[in-house]
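Colleague: Here is how the chains run, residue by residue.
There are 2 protein chains.
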Amino acid sequence: MARTPEKFRESGVDVRIRTRVDEIDVKSARVRLNDGSELAFDILVLGTGTLAIRPEIPGTDLPGVFALKKLEEALAIKAYIAEKDCRNAVIVGAGFIAMEMCEALRARGIETTVVHRGALPVNRWDPEFGKLIVAEMGKNGVTFLANVETRAIEEGAGQRLRLVTSGGDLDADLVILAVGVRPDTALAKAAGVPLGRSGAVAVDFSQRTAMEGIYAVGDCCESYHRVSRSWVHVPLGDIANKQGRVAGANIGGKAMIFPGIVGAQSFKVFGLEVAAAGIGEREAAAAGYHPVSVLIWGNAIAPSMPAAKKVGIKLVADRASGKLLGAQALGEAGAVGRINALACALWAGLGVDEIGYLDFAYAPPFSPAWDPIHVAAQTLRRKL
Amino acid sequence: MARTPEKFRESGVDVRIRTRVDEIDVKSARVRLNDGSELAFDILVLGTGTLAIRPEIPGTDLPGVFALKKLEEALAIKAYIAEKDCRNAVIVGAGFIAMEMCEALRARGIETTVVHRGALPVNRWDPEFGKLIVAEMGKNGVTFLANVETRAIEEGAGQRLRLVTSGGDLDADLVILAVGVRPDTALAKAAGVPLGRSGAVAVDFSQRTAMEGIYAVGDCCESYHRVSRSWVHVPLGDIANKQGRVAGANIGGKAMIFPGIVGAQSFKVFGLEVAAAGIGEREAAAAGYHPVSVLIWGNAIAPSMPAAKKVGIKLVADRASGKLLGAQALGEAGAVGRINALACALWAGLGVDEIGYLDFAYAPPFSPAWDPIHVAAQTLRRKL
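Here the protein sequences come in this chain order: C and A. Sequential numbering of the first sequence, starting at 0, is according to numbering that gives the first Met the number 0. Sequential numbering of the second sequence, starting at 0, is according to numbering that gives the first Met the number 0.
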């Protein structure tokens, strides 16, 4: 799939890897590279991505302490595990990257502890789902330490590293910092490219920044959220792909807009699918909606089938308009597919009355005749 | 879930099982029961369902020849298999019931042959998918005989039954007739309740027939198809459930409409998920649309994941409006979930340009960053 720099060059595209832009000179329309040379541009596309947030504590630069944002970091973690024969790891933070990492580390047989300053992981999701994720981690040998502040990382004695926390010290061969990311806007800011309220680069529907000839795409810029109807920073790979294509089309002379996002997202943690789309009660209330929500449990497949699996669905709707505002799902199966259907409903602005009667491809191996989506939407409708 | 007649009686509802209505007397607003007694009604709901079509050939009433429409027939087949120690079965027909039955019979260790007068099974789906279903049957020990007319069923010699076909004779312990269903409209017709063009009972959005006080729901009546914008006969259990509730609400004094269907349907055959929604090229052309279609293969999960599974997506769109008209999918995983998302897109009337940029809950265990839905929609858009 990925083309090498050589392949690009054959098509007349000059791709320079291992090259950093140190400055954008807007007036002269040139960029200065790290080797001191300059390149002129008619069009400039910012795709600077995000930076992993490093907590402001001592010791985050010690060997064996990693963030996981770039491919190089993943490779470095792998190499470190092999080289140092790591037996135990601590992950600081409990977002979806932390969840994916604890599964990956357990698959390598590494004892894993997740240290989180909050009570439950992945706070985008309802506490009822968060508790089940904690249980799933426990079943798979991951220790979850809630309400613990990490204060420092030190060189340990017998072990290689020591995490100093509000709950005591933890020894570890490996520490992964997974406390979030922020848009990498240093170049944009220095060049005077305006940022949005989220702190990411502000763009329009054609991915143009406010500065003539300069576009921005992907994790460094904002996206229009079709549910909150506001510009937000949601750094996810599928969005970045789409924005890149929209910018490219416009630069190439083809009119195209990025139609926005509905905040659809998922991750897998051991045997659980966890997914969400739209906005939660807090964001909804902040936007001036009147959120009402419901969380129900249903069967991911027909109860008459062997091994029927449970799936939980949470829906949030606006009491004033009856429109769906958000959806969350968790289950051993059938959570992501259902959220994708609901993402489409959010995209189209459907109301919960219609969602309660959507026509799905029912068959007993895949759903009950009344899908949990229908049950959730009808339950919610009665609460509006 | 299901309530017994006693439970209903406790709620003041008189439920009579093993009781047949032989006639509806509209003028006197009474029904005559099979025991000769009569019941007066203010409101009558027809829920007479469908009848399995029996092919017009000799021998369909022989012992060991079954249709599969009612629970009683399923129980009779099970009992017959156990009692007669059935070793081999022939299924006449190759619709989705035939597909589900061949899997069920193989699970019992019964040699199974599917005899079909057409070239490929489940003709709702593209021939490319049909061929893969034939291969899947073959892999699982089912013999598929294409382009074969069944002419008679006879009592066999060593075996219990003999199927006489255009392709020679077939011996079988058990014959399942799965050549389709038709709405059971005998009572409605006799009472003068108008049928629609599909042959099923005509209803409005409140499930009322054209005859005052008489409603119809489920497999015996028509449904409004939101894509073809016509009244069709789609006898499926989830639709029947919804229509029953809509009729009940209206009868009980609560205004409610059945918002229609998009023809979403799925079945499982061995390791394959097979699903569809909307309409195909032929129905689209018949409705005056200008169908253009595409069929692509993609990964059901990210190609970087172990055991990436293929999923095929076919989309049909209208060249004039750019709207999606239909979708089909087949794969070891991820087919039904994707069709449910597309069913929602069909419901909302989205165009393929938007579908190419829908925001789904991307994560590598569940999809590539560009979902096969995106790829199919973008490919189709270029063909419009």
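Warning: the hint list may mix true and false statements.
Copies of the same chain are indistinguishable here, so a pair counts whether it falls within one copy or spans any two.
For lysine to aspartate or glutamate, the following DMTMM-like pairs were computed, each having C-alpha atoms within a straight-line distance of at most 20 Å [claimed, not checked]:
hint, residue 1, residue 2
1, K253, D352
2, K130, E154
3, K26, D170
4, K253, E353
In case anyone wonders, no lab produced these hints; they're calculated from the structure. Since the structure is predicted, the reported quantities are computational estimates derived from the model, not experimental observations.
Colleague: Against each hint, give a clear statement of whether it holds in the structure.
Modeller: Against the structure, the hints come out as follows:
1. K253 <-> D352: So K253 and D352 pass the 20 Å test across copies only (14 Å; inside, 39 Å).
2. K130 <-> E154: neither (33 Å within a copy, 63 Å between copies)
3. K26 <-> D170: For K26 and D170, the Cα distance exceeds 20 Å both inside one copy (53 Å) and across copies (87 Å).
4. K253 <-> E353: Answer is between: at 16 Å across copies they meet the 20 Å cutoff, but 36 Å inside does not.
Comparing the model with each numbered hint stated earlier shows that hints 2, 3 do not hold.
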